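Residues per chain are reported as follows:
2 protein chains.
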Amino acid sequence: MLKKIDHIGIAVTDMDVAIQKYSLLTGAEPSEKETVDAQMVETSFFPVGDVKLELLSGTEKDSPVSRFVEKKGPGIHHICFEVEDLDTTIKTLSAAGLTFIDLASNQGAGGTRVAFLHPKSTGGILFEFAEHPTDMK
Amino acid sequence: MLKKIDHIGIAVTDMDVAIQKYSLLTGAEPSEKETVDAQMVETSFFPVGDVKLELLSGTEKDSPVSRFVEKKGPGIHHICFEVEDLDTTIKTLSAAGLTFIDLASNQGAGGTRVAFLHPKSTGGILFEFAEHPTDMK
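Each protein sequence line maps, in turn, to chains A and B.
Count along the first sequence from 1, then add 115; that gives the number in my numbering.
Count along the second sequence from 1, then add 115; that gives the number in my numbering.
For the record, the hints were derived by calculation from the structure and aren't laboratory data.
This one's a predicted model, so the numbers in the text were calculated from it and none came from an experiment.
Among these hints, one or two may not hold up.
With a straight-line Cα cutoff of 20 Å, these simulated SDA-like cross-link-like pairs (lysine to any residue) come out [unchecked claim]:
#	chain 1	residue 1	chain 2	residue 2
1	A	LYS136	B	LYS136
2	B	LYS136	A	THR207
3	A	LYS119	B	PRO145
4	B	LYS119	A	GLY164
5	A	LYS119	B	GLY238
6	A	LYS136	B	VAL132
7	A	LYS235	B	MET116
8	B	LYS118	A	GLY239
9	A	LYS235	B	SER146
10	A	LYS136	B	GLY238
11	A	LYS187	B	GLY238
Covered stretches of chain B, going by a simulated chain A footprint (3 or more residues, C-beta under 8 Å) [to be verified]:
#	stretch
12	152 to 161
13	174 to 182
14	187 to 199
15	219 to 228
For glycine and all other residues, C-beta sits at the position ideal for the given N, C-alpha and C.
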């Protein structure tokens, strides 16, 4: 069901400072910054092997990422799994008793369709599932 | 310098409950539990693609993982990069102004040699670097 780890989301306080640090740390070039309105975040990706580090900065004071940083400080925010079929993943894990967060919008970065498991289902960890446009039927 | 993401460390409160949840979530078989004395943790790994999720549970009340859980709750604890040469990585990043945590012991899980960057160097994120036995010269 899970193809691979797609990316690891990292909540930062200052996107431009973070981009400098992660360029140094990874030796990689970041992607262009992209704002994802549905998640109220600005993002930038650094590739490491075939996984990406996704820097995240909230665009609104009450966005989930801004609230995470206010509560816990900057830190690792979520893990995203790439899946072949998002709808099947949602059905299978829901049937197994796991709960998804608001499924009304599933717009992710880079044209993906995404869904998030509620951290209450997973012992406090936020997991995202992403279906890439090339995988869509 | 970085070969890939080796694993993502996840701090949990109850290892056996977590193993059940991650078996369901990933559809993968966990590794045998292993205690890493130098880090005061019990670990269990779940493969997802070529990256592993490392469940971590503190074995001592004042171990770094136990303190993380007490302060922030269970959550994603660190990201580990696989490197070819740990000593070169330490030298290069130290020269660039990043600070490593206590380099006195570098015993990791599965016979790896490891080092951790101080979160103060990285905007609050704990990064580990691991050299696998097969990579050692």
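Violated hints, by number in ascending order, as checked against the structure: Numbers 1, 5, 6, 7, 8, 9, 12, 13, 15, in rising order.
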